[in-house]
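Same order as they appear, the protein sequences are chains V and B. If you count by the working numbering, then the first sequence holds residues 1 to 286, one letter each, in order. If you count by the working numbering, then the second sequence holds residues 1 to 286, one letter each, in order.
Careful: at least some of the hints might be erroneous.
Said to hold, decoys possible - Label pairs and their computed distance ranges (CB to CB):
| no. | chain 1 | residue 1 | chain 2 | residue 2 | range |
| --- | --- | --- | --- | --- | --- |
| 1 | B | Tyr-134 | V | Pro-83 | 37 to 45 Å |
| 2 | V | Pro-83 | B | Glu-133 | 36 to 44 Å |
| 3 | V | Ile-25 | B | Ala-190 | 28 to 36 Å |
No lab work stands behind these hints, which were simulated from the structure alone. Every residue, glycine too, gets a C-beta built ideally from N, C-alpha and C.
Number of protein chains: 2
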Amino acid sequence: MTATGLTEQMLLKQSYLCVGLDTDITKLPAHLKGHKNGILEFNKAIIDATLPYCVSYKINTAFYESQGLRGWEIMQETLAYIPKTHFTIADAKRGDIGNTSSQYAKAFFEAMDFDAITVAPYMGEDSIRPFLEYDNKVTIVLGLTSNVGSNDFQQLLLEAYDETLTMVPHITQGAREKRLYEHVLEKVSAWGNSNNLMFVVGATQAAELDNIRQIIPEHFLLVPGVGAQGGSLKDVSRFGLTQSVGLLVNASRAIIFASNGEDFSEKAASVAQGYQQEMATYLQKV
Amino acid sequence: MTATGLTEQMLLKQSYLCVGLDTDITKLPAHLKGHKNGILEFNKAIIDATLPYCVSYKINTAFYESQGLRGWEIMQETLAYIPKTHFTIADAKRGDIGNTSSQYAKAFFEAMDFDAITVAPYMGEDSIRPFLEYDNKVTIVLGLTSNVGSNDFQQLLLEAYDETLTMVPHITQGAREKRLYEHVLEKVSAWGNSNNLMFVVGATQAAELDNIRQIIPEHFLLVPGVGAQGGSLKDVSRFGLTQSVGLLVNASRAIIFASNGEDFSEKAASVAQGYQQEMATYLQKV
Numbered sequence: 001m002t003a004t005g006l007t008e009q010m011l012l013k014q015s016y017l018c019v020g021l022d023t024d025i026t027k028l029p030a031h032l033k034g035h036k037n038g039i040l041e042f043n044k045a046i047i048d049a050t051l052p053y054c055v056s057y058k059i060n061t062a063f064y065e066s067q068g069l070r071g072w073e074i075m076q077e078t079l080a081y082i083p084k085t086h087f088t089i090a091d092a093k094r095g096d097i098g099n100t101s102s103q104y105a106k107a108f109f110e111a112m113d114f115d116a117i118t119v120a121p122y123m124g125e126d127s128i129r130p131f132l133e134y135d136n137k138v139t140i141v142l143g144l145t146s147n148v149g150s151n152d153f154q155q156l157l158l159e160a161y162d163e164t165l166t167m168v169p170h171i172t173q174g175a176r177e178k179r180l181y182e183h184v185l186e187k188v189s190a191w192g193n194s195n196n197l198m199f200v201v202g203a204t205q206a207a208e209l210d211n212i213r214q215i216i217p218e219h220f221l222l223v224p225g226v227g228a229q230g231g232s233l234k235d236v237s238r239f240g241l242t243q244s245v246g247l248l249v250n251a252s253r254a255i256i257f258a259s260n261g262e263d264f265s266e267k268a269a270s271v272a273q274g275y276q277q278e279m280a281t282y283l284q285k286v
Numbered sequence: 001m002t003a004t005g006l007t008e009q010m011l012l013k014q015s016y017l018c019v020g021l022d023t024d025i026t027k028l029p030a031h032l033k034g035h036k037n038g039i040l041e042f043n044k045a046i047i048d049a050t051l052p053y054c055v056s057y058k059i060n061t062a063f064y065e066s067q068g069l070r071g072w073e074i075m076q077e078t079l080a081y082i083p084k085t086h087f088t089i090a091d092a093k094r095g096d097i098g099n100t101s102s103q104y105a106k107a108f109f110e111a112m113d114f115d116a117i118t119v120a121p122y123m124g125e126d127s128i129r130p131f132l133e134y135d136n137k138v139t140i141v142l143g144l145t146s147n148v149g150s151n152d153f154q155q156l157l158l159e160a161y162d163e164t165l166t167m168v169p170h171i172t173q174g175a176r177e178k179r180l181y182e183h184v185l186e187k188v189s190a191w192g193n194s195n196n197l198m199f200v201v202g203a204t205q206a207a208e209l210d211n212i213r214q215i216i217p218e219h220f221l222l223v224p225g226v227g228a229q230g231g232s233l234k235d236v237s238r239f240g241l242t243q244s245v246g247l248l249v250n251a252s253r254a255i256i257f258a259s260n261g262e263d264f265s266e267k268a269a270s271v272a273q274g275y276q277q278e279m280a281t282y283l284q285k286v
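Input sequences plus hints: build the corresponding full structure.
The structure is reproduced here in structure tokens:
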């Protein structure tokens with residue numbers, strides 16, 4: 001599934017919700033904590049309960065790798081359990097020199113059949129190209145992330161007279177200053193198209209969304225940070241929605257750990273439904 | 001093992017060579033290609049043959065993840081096979097928001113017992129701190145990488161008057177312009193010390209090493225890019241060596257795929273020995 005298929009699902013279900021399976025083994029409900037397949041059983045119950053309200057699942061690879069070999073296997077089994085109607089994302093933040101990125105692409109697009117993977121941009125074009133070579137797959141590049149550390153480098157102002165910026169007219173003409181993340185969005189967006197390339201923009205960065213939409217008016221934004229991290233769905237939707245929806249808003253902890261009792265999946269469904277209903281109202285206004 | 005222990009091993013063996021186990025299954029010698037444990041048998045033979053000449057092994061996680069579940073298992077088995085005299089690096093290029101980076105640290109420092117992991121800096125301080133919290137472990141942050149794509153973002157000039165740069169006297173005083181990767185080195189180096197923090201600087205970037213040593217005079221540099229990528233060991237050593245050695249030079253393909261015949265491990269040993277002997281001459285001059 002690429003962006004076009006995703007838009008269709010969103011309009012059908014009146015939802016642009018992604019459920020993040022950041023399944024922390026220490027936060028499992030008591031009755032699943034000692035269970036050999038605790039994480040897998042938890043994920044299956046969450047998926048069953050939230051399917052009607054979301055269009056996507058995002059598997060955060062770190063929470064599976066930390067469980068060793070069985071964790072990697074549970075990641076595969078969780079992915080296999082998600083129906084093809086739902087867009088699947090490996091939130092893996094990979095990226096390396098070309099021949100190595102090719103291997104990561106193979107891992108997540110071939111050995112496993114994810115629809116999309118998140119990729120870090122620091123190493124530049126040849127670290128991202130190998131992911132874009134796959135038809136019907138989506139590469140989601142970090143733009144402006146939801147965490148405090150996004151101020152450390154992503155928000156740095158660039159020198160307007162840097163000769164490596166000559167490809168960017170509004171900088172070389174001195175019209176305005178530009179931050180690193182803006183240059184990342186602008187430069188990376190030229191390497192793919194709005195069907196095979198998306199960007200991560202944190203929900204805590206809603207104030208920047210208006211500006212971001214000027215740089216990349218059509219690309220889908222994967223927006224984590226609603227819920228536990230404090231981002232506002234209303235603000236994100238107001239500035240981020242496009243005619244093709246263009247937003248995929250992720251909530252992880254706020255949904256999957258809404259309750260730590262035996263009712264965890266019902267509570268997860270309830271929170272997910274709440275997001276979906278709010279999203280439906282914003283979609284009416286597009 | 002941290003940087004101090006690594007220096008001891010280097011002086012003892014007169015080597016600062018790291019062998020990169022980027023074990024591409026398609027490049028295995030014919031007699032191992034169809035073998036169920038081909039990658040593992042290959043790695044064991046390479047390790048046995050090169051042990052005397054190197055001080056470290058770097059496992060490139062991508063080449064294992066691309067092989068699915070068995071690949072992850074072979075990564076674990078390869079790590080377990082490396083003797084404790086040798087510094088082990090997970091070349092994983094991880095990095096995410098704090099609670100997720102903690103899980104990656106757990107994966108590579110607890111579930112597996114690597115001495116070090118490579119980390120991408122784009123997401124800032126809270127994405128790197130969780131790795132630094134481990135005693136006797138080393139975090140290796142990307143500085144200036146060996147690939148062409150390093151020009152895309154790492155070499156961007158920063159605006160000297162950006163208020164977020166006020167911590168950096170030589171910028172705010174207008175003494176010189178600064179590039180993104182220089183700011184990354186400077187800023188990240190304040191989050192750890194020269195015993196638990198190292199930086200990746202590509203061997204193809206030898207011209208910048210003199211400058212880099214002014215920013216981080218004491219930190220170890222992990223230097224990939226010698227061999228297949230064209231970097232010069234002589235140039236890297238000339239500008240990068242410190243009183244505590246301070247360099248860990250990696251070669252992957254040039255060593256492990258020196259021959260694709262049954263003599264692959266002998267040929268690998270021979271190339272590794274060549275590097276070691278050259279390194280010994282440079283160490284005499286420090």
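Here is what the structure says about each hint:
no. : hint                             : result
1   : B:Tyr-134 - V:Pro-83: 37 to 45 Å : holds, 39 Å
2   : V:Pro-83 - B:Glu-133: 36 to 44 Å : holds, 39 Å
3   : V:Ile-25 - B:Ala-190: 28 to 36 Å : holds, 33 Å
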